[in-house]
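Can you build the whole structure from these sequences, using the hints too?
One-letter residues, chain by chain:
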Amino acid sequence: MPPRSARAAGRLRLASEHRHTPLVASSVLGMLIFVAAEVMFFAGLISAFTIIRAETPVWPPPDQPRLPIERTAINTAALLLSGVALAYAHRAYLRDRRTARTPLLVAMLLGGFFVLFQGAEWVALLRQGLTLTSSSLGSFFYLIVGLHALHALVAIGLLGYAWLRLQRGWLVQSQLVTAEVFWYFVVGLWPVLYGVVYL
Amino acid sequence: MKHVRSTFAALVVFLALSAPRLALACSVCTAALDDEANRAFILTTIFLSLLPLTMFAGFATWLWLRYRQRMRELAPVHAPAAEPTPVPATTSLPSLPS
Numbered sequence: 001m002p003p004r005s006a007r008a009a010g011r012l013r014l015a016s017e018h019r020h021t022p023l024v025a026s027s028v029l030g031m032l033i034f035v036a037a038e039v040m041f042f043a044g045l046i047s048a049f050t051i052i053r054a055e056t057p058v059w060p061p062p063d064q065p066r067l068p069i070e071r072t073a074i075n076t077a078a079l080l081l082s083g084v085a086l087a088y089a090h091r092a093y094l095r096d097r098r099t100a101r102t103p104l105l106v107a108m109l110l111g112g113f114f115v116l117f118q119g120a121e122w123v124a125l126l127r128q129g130l131t132l133t134s135s136s137l138g139s140f141f142y143l144i145v146g147l148h149a150l151h152a153l154v155a156i157g158l159l160g161y162a163w164l165r166l167q168r169g170w171l172v173q174s175q176l177v178t179a180e181v182f183w184y185f186v187v188g189l190w191p192v193l194y195g196v197v198y199l
Numbered sequence: 001m002k003h004v005r006s007t008f009a010a011l012v013v014f015l016a017l018s019a020p021r022l023a024l025a026c027s028v029c030t031a032a033l034d035d036e037a038n039r040a041f042i043l044t045t046i047f048l049s050l051l052p053l054t055m056f057a058g059f060a061t062w063l064w065l066r067y068r069q070r071m072r073e074l075a076p077v078h079a080p081a082a083e084p085t086p087v088p089a090t091t092s093l094p095s096l097p098s
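First to last, the sequence lines map onto chains B and E.
So the first sequence is numbered by my numbering: it starts at 1 and just counts up by one.
So the second sequence is numbered by my numbering: it starts at 1 and just counts up by one.
Calculated directly from the structure, the hints in this document are not laboratory data.
Fair warning: there could be bad hints in the mix.
To be verified - Cβ-to-Cβ under 8 Å is the rule here; a few derived chain B residues that face chain E:
1. L23
2. L32
3. A36
4. V39
5. A43
6. S47
7. T50
8. I51
9. A54
10. E55
The beta-carbon is built from N, C-alpha and C at its ideal position, and this holds for glycine as well.
Pasting the structure below:
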């Protein structure tokens, strides 16, 4: 049994360390709160889309082009793979920081591929006559998918920033996790949007 | 007085009967009379109500698990006190110096 003073010192040390190391880094907590707000924002859009779709007798509108389900499935797979690459980058960072560069770059490139592919898809749909004002399908499609693409672009920017800091040896773990939280939000949201809007 | 009361009662009955039979919570909800739209309204209401609660619950659980893990990591580890070496019992008397 340790003496009473030693136990008190142990408790003091515990309280002191606990006070100075927060459970969640401030940047990560801020990003989590932001992501929660974004989740509710997209939930509102999905709800509005679901109600409009239910009120329309024939869906999709007969005079409108069909959304490319198969091609977008490939794009979805690319985005999910980028999430896997980022998880691998995190594990590599914990082992040896230098080994995290390649998987982080792969995650960014796959994200870039996703956005570019989406852009090409949009150009094709616009040529076929699906515009923002052509129907409620077009309005919701460009609003929901466009906002997701905007989030993807910002998230790629965050990953790029993390990659640059990693290159220079300045990247701390909380910065990587902050970028990860936003990217996982973008990756996790997309299958839901794909299921609601495309299928 | 009786005449006034009966007129008032007739007026109330007339107004009650001429009032719209259906009162909805919002002006655009007449669309929800359709079965499919009604179902969509109910489902999205449930979805939007439960989503923030689920997020809060998930975050609180994650925070609690992290806290417990942190407490385990920070708990002071005390080595168990060494047992005193037992002194062998002897039946013989110690020899006295001569």
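Hint check results:
1. L23: holds (5 Å)
2. L32: At about 7 Å, which falls below the 8 Å cut-off, the nearest Cβ of chain E leaves the hint on B:L32 intact, so it holds.
3. A36: Hint on B:A36: holds, closest Cβ of chain E at ~5 Å, below 8 Å.
4. V39: holds (7 Å)
5. A43: Status holds, d = 5 Å.
6. S47: holds (4 Å)
7. T50: At about 5 Å, which falls below the 8 Å cut-off, the nearest Cβ of chain E leaves the hint on B:T50 intact, so it holds.
8. I51: This hint holds: B:I51 lies near chain E, its Cβ roughly 5 Å from the closest one there, short of 8 Å.
9. A54: holds (4 Å)
10. E55: holds (5 Å)
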